[in-house]
Amino acid sequence: MTDDPAITVEGVRKRYGGKAALDGLDLLVAPGTVHAVLGPNGAGKTTLVRILATLLRPDAGRVEVAGHDVVGGARAVRRAIGLLGQHAALDEELGGRQNLEMFGRLHHLGARHARVRADELLARFGLTDTGRKPVRAYSGGMRRRLDLAAALVTEPRVLFLDEPTTGLDPRGRAEVWASVRSLVGGGTTVLLTTQYLEEADQLADLVSLVDRGRVVAEGTPDALKSRTGGDRIDVVLRDAGQLGAAVALLPVARDDLRVDADRRLISAPVTDRMAALSGVVRALDEAGIEAEDIALRRPTLDEVFLHLTGPRDGAEERDGTEARDGVAGRDRAGDGDGTAGRDRTTDHDRTKGRAA
Amino acid sequence: MNADALTDCWTMTRRELAHWARQPVRLVVGVAFSVMLLLMFGYLIGGGRGVRGDYLDYLLPGMLALTMVFGLESTMLAVTQDLNKGVIDRFRSLPMADGAVLVGRAGADMLQSVLSLAALAGVGLALGWRPHGGPGAFLAAVGLLLLLRFAMLWIGIHLALVAGKPELVQAVQILVWPVGFLSNALAAPGSMPGWLGTAVEWNPMSRTATAVRDLLGAPGGEDGHLTAAILWPLALLAVFFPLAVRTFTRLGR
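These protein sequence lines are chains S and P, in that order.
Residue 356, in our numbering, is where the first sequence stops; the numbers in between run on with no holes.
Residue 1253, in our numbering, is where the second sequence stops; the numbers in between run on with no holes.
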């Protein structure tokens, strides 16, 4: 029983007006694990979640959640799942307690149990003192927390989180992450979609990389990152004349080492981030070579995709050239905002789901 | 229908009642709108073209029928808002009875219609309107009006689910006026040019208004409209009830 997958997806297809949102997608999620579906907007992530949550019917393929078919056994699936969509799915005119009580009643908890459960969840998500304030007047973070509480009314066996932290500030993001971790401790299976490699890295046991409606790669976060070339260290020297000397003495791997004389930049792959950083600092120090900047850099989502799917055809909006040269002219902090900001401008998944 | 399904329908109706409790002003404004129209046409504009007898007795049944038709807007608005807030997605991902979302909507809207009818009738009584039929006839008249509202309800649900856009609600809010006024609600068809009079006579709302006038012993009432006043809404229901249910279940396509 416990060995049966919590989620089985086989060859699922879904088309919207001639365009394939899911194009033969396969996925297996083991019970009690966190599985991240990572991909840019328009990759089919939201379509997948909507099919898993019985909101959309697949055109073809087999989908089972908690042992039940999402089409034939939709009611049984709905008893076993919780859903946190991209946008808050709450009654904005009612208060937090009213919302949770209503959802509890609709889960057939009974009036009294629904009330008790609502209070528990309000306390757990720090919303007890919201009183009668309507959800309309909540802040973005409060709304997200209430939305997550609503998804947990029945302690679901399988929880779907569709881009749970998109649009949250770092504190809100950390709160959501903490909640997800504590849930998994309780045995819940979590499938989450994200555009952030870091999020998948923090939370997921396994990551499926989705592109154009199919899974293009799957593995642990570490395995995926090593396939993309992993982290890099970028060293910018004050004097371009010292580039040769620096390259010779830096304690870094020689394969895939790149030198850009114009920018006085040396970029090398690293495995142990902190050891590499202290090693480079010490080596430069001892040789008396002055560095203007030293930065550790995680692979960006663009790089992950380019490594695994190859460069895009010209029609795509993805700016392939910039990421392909691999040496950071941007976004040293990691996989962050440049990527997400651009992807978010095209909200394909959502609008298509509506139009259908 | 099992006990859970009944509970679900009640939970969804309660949700609407909770909205009223939070925003009583909105409910009052909705009812006040009908009263305002009654006062406007009864006194300010002072119509009654071609009406023989007391105009208030003629006008009030017409306003009651008009209010039922205008209910289409509030149904559409509520369903469109739910759809766009994503809360319908949440409901659809819960193990609740399939029809409960729509039944809850219907229950709440019909309740609101009863309140509107009562408020209008109350104001009418205060102004001197008197129903002349017996209590049985009075109840039959209320039944006809609510039947018309029930048909409008399912038209509204279907249109809102198909379009899902606030813009359509605005379009319907404008279109419902000519449909409402191209009826005998305010003036007798005999006073209109021939072709217009014919169109007005065929308007389902006119049939309901005429039958209600007949039942209440008001001027403009005629025999023989009762059947049409029952069949018209039933025909609309036969088309739009299955359409609305089908559109709702096919939200997942």
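Do not take every clue at face value.
A few chain P residues that don't get close to chain S, going by computed Cβ distances all over 10 Å [said to hold, decoys possible]:
hint: 1; residue: P1095
hint: 2; residue: A1140
hint: 3; residue: P1166
A short, non-exhaustive set of chain S residues, derived as facing chain P with CB atoms under 10 Å [claimed, not checked]:
hint: 4; residue: E92
hint: 5; residue: Q98
hint: 6; residue: L106
hint: 7; residue: H107
hint: 8; residue: A151
Label pairs and their calculated CB-CB ranges [unchecked claim]:
hint: 9; chain 1: S; residue 1: L28; chain 2: P; residue 2: R1253; range: 24 to 34 Å
hint: 10; chain 1: P; residue 1: W1177; chain 2: S; residue 2: D26; range: 36 to 46 Å
hint: 11; chain 1: P; residue 1: W1177; chain 2: S; residue 2: T8; range: 48 to 58 Å
hint: 12; chain 1: P; residue 1: A1199; chain 2: S; residue 2: S139; range: 47 to 57 Å
hint: 13; chain 1: S; residue 1: E120; chain 2: P; residue 2: L1017; range: 20 to 30 Å
hint: 14; chain 1: P; residue 1: A1118; chain 2: S; residue 2: G32; range: 22 to 32 Å
hint: 15; chain 1: P; residue 1: L1234; chain 2: S; residue 2: G67; range: 24 to 34 Å
hint: 16; chain 1: S; residue 1: A223; chain 2: P; residue 2: L1027; range: 56 to 66 Å
hint: 17; chain 1: S; residue 1: E292; chain 2: P; residue 2: N1084; range: 49 to 59 Å
hint: 18; chain 1: P; residue 1: V1162; chain 2: S; residue 2: A223; range: 39 to 49 Å
If you're looking for bench data, these hints aren't it; they were derived computationally from the structure.
This structure is a prediction, so every number in the text was calculated from the model and none was measured.
The C-beta atom is built at its ideal place from N, Cα and C for all residues, glycine as well.
ask   = Can the suggested window of 24 to 34 Å be confirmed for the beta-carbon pair L28(S) and R1253(P)?
value = Roughly 26 Å apart at Cβ, these two residues keep to the hinted range, so it holds.
task = Answer holds if the nearest beta-carbon of chain P is closer than 10 Å to that of E92(S); otherwise answer violated.
result = holds (6 Å)
query = For A1140(P), which was marked as not at the interface, is the minimum beta-carbon distance to chain S over 10 Å?
reply = holds (36 Å)
ask   = Has the hinted range 39 to 49 Å been met by the Cβ atoms of V1162(P) and A223(S)?
value = Holds - the Cβ-Cβ distance for V1162(P) and A223(S), about 47 Å, lies within 39 to 49 Å.
ask   = Do the Cβ positions of A1118(P) and G32(S) conform to the proposed distance bound of 22 to 32 Å?
value = violated (57 Å)
inquiry  = Take the shortest C-beta to C-beta distance between H107(S) and chain P; is it under 10 Å?
reply    = Hint holds; H107(S) Cβ to chain P Cβ min 6 Å, cut 10 Å.
message = Can you verify the interface hint for Q98(S): is its Cβ closer than 10 Å to any Cβ in chain P?
response = holds (6 Å)
ask   = Using the C-beta atoms of W1177(P) and T8(S), is the stated range 48 to 58 Å upheld?
value = For T8(S) against W1177(P), whose Cβ atoms are near 54 Å apart, the range 48 to 58 Å holds.
message = Please check whether A223(S) and L1027(P) have a Cβ separation lying inside 56 to 66 Å.
response = holds (59 Å)
message = Does the beta carbon distance between E120(S) and L1017(P) stay inside 20 to 30 Å, or does it fall outside?
response = About 25 Å separates the Cβ atoms of E120(S) and L1017(P), which means 20 to 30 Å holds.
Distance restraint evaluation - L1234(P), G67(S), Cβ atoms, bounds 24 to 34 Å = This hint is violated: roughly 45 Å between Cβ atoms.
query = Regarding the hint that L106(S) lies at the interface with chain P, is the smallest CB-CB distance below 10 Å?
reply = Cβ of L106(S) sits 4 Å from chain P, so the hint holds.
Going through the hint list in order, the structure does not satisfy hints 1, 10, 14, 15.
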